[in-house]
Structure formats: structure tokens, C-alpha cells
Amino acid sequence: MGDDTICRQMSALLTESGDFTVVGEASDGDGALVLVRDHRPDVLLLSLEALGSDGPETVAQVRALSPGTQVIVWNGSGQEHLVLEAFRRGALGHLVRGAAGPDDVIRAIRAVYRGEAVLSPALAGHILDEVIRGLREH
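Under numbering that gives the first Met the number 0, the sequence shown is numbered contiguously, ending at residue 137.
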């Protein structure tokens, strides 16, 4: 979900891999929720850039509507606070737009489908910094 060109590219990548069935694309959170309600996908790719501060709430709504749907959020640089909140609300994966190549996307989808968490190196570093800061404060 997100920028139309990126959605088309992502859909084409996944379809061409032969391993995935793309059930739809949406340009906003409401559209994503309709797709989730109608299709109950195994994995949903959700653009935090497109949703902004509504992204984490959309993740929560997806998980409430379809608990079996695993969510991968993706964004450009920054927005770590939204990504962390999306994880608190039920996302299981994170990719950075421009840093994740086609193979990374496919690996992430397969991993979250199996119930494994996927963290981009940028987010993993941010989380580690937060943990270290918290330990120093105690």
C-alpha cells in the first residue's frame, strides 16, 4: 500500500516470483482494511509514508479484523517512532524503502508468514540505542 508506482512494482515483483498471490492494492488505510476484510491475506505490506501518524492505528485495526494477517510496515528514512508504535500495535516486520531490494522483500514476507519478526538494520540499531539508553538511566 502507498505510492501507486511502488504498489505496482511490488505487486509485479511478488506476482513474477510465482510464490505469492497479490489480492489487491490500496491507496489508503480504509482501502487496506476493506481488502483485509474481504480477503484475509496472510501478509500485508503497509506503507507508513502513505499513512503517516494513522499507520500504527491501521496496523491495530488490521490485526483486530484479521488476527492471522501478519503486517510488514515500510517507510523511508526516519519515522522510527511510528515504526516502533506499529510494532506495539501488532506489526511483525519492517523494511526501509530504497534499502530493501526485491530479495529482501520476498525473504521478509516468507519470514513473517512463518511468524518470525523482521527488523531492518536501521530499526534494529534504533531499538538497541533505546535499550542501552534505558539501561543507563536505571
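These are computed hints drawn from the structure, not numbers from a lab.
As the structure is a prediction and not an experimental result, all values here were calculated from the model.
Note that the Cβ used here is the ideal one computed from N, Cα and C, for glycine as well.
One or more hints might be untrue.
Said to hold, decoys possible - For each label pair, taking beta carbons as the anchor points, the in silico distance ranges come out as:
{"id": "1", "residue 1": "Ala98", "residue 2": "Thr20", "range": "22 to 28 Å"}
{"id": "2", "residue 1": "Gly124", "residue 2": "Asp37", "range": "35 to 41 Å"}
{"id": "3", "residue 1": "Gly75", "residue 2": "Asp102", "range": "42 to 48 Å"}
{"id": "4", "residue 1": "Asp53", "residue 2": "Gly124", "range": "39 to 45 Å"}
Against the structure, the hints:
1. Ala98 x Thr20: 22 to 28 Å: holds, 26 Å
2. Gly124 x Asp37: 35 to 41 Å: Roughly 37 Å apart at Cβ, these two residues keep to the hinted range, so it holds.
3. Gly75 x Asp102: 42 to 48 Å: Given a distance of about 20 Å, which is not inside 42 to 48 Å, the answer is violated.
4. Asp53 x Gly124: 39 to 45 Å: Since the Cβ atoms of Asp53 and Gly124 sit about 26 Å apart, the hinted range of 39 to 45 Å is violated.
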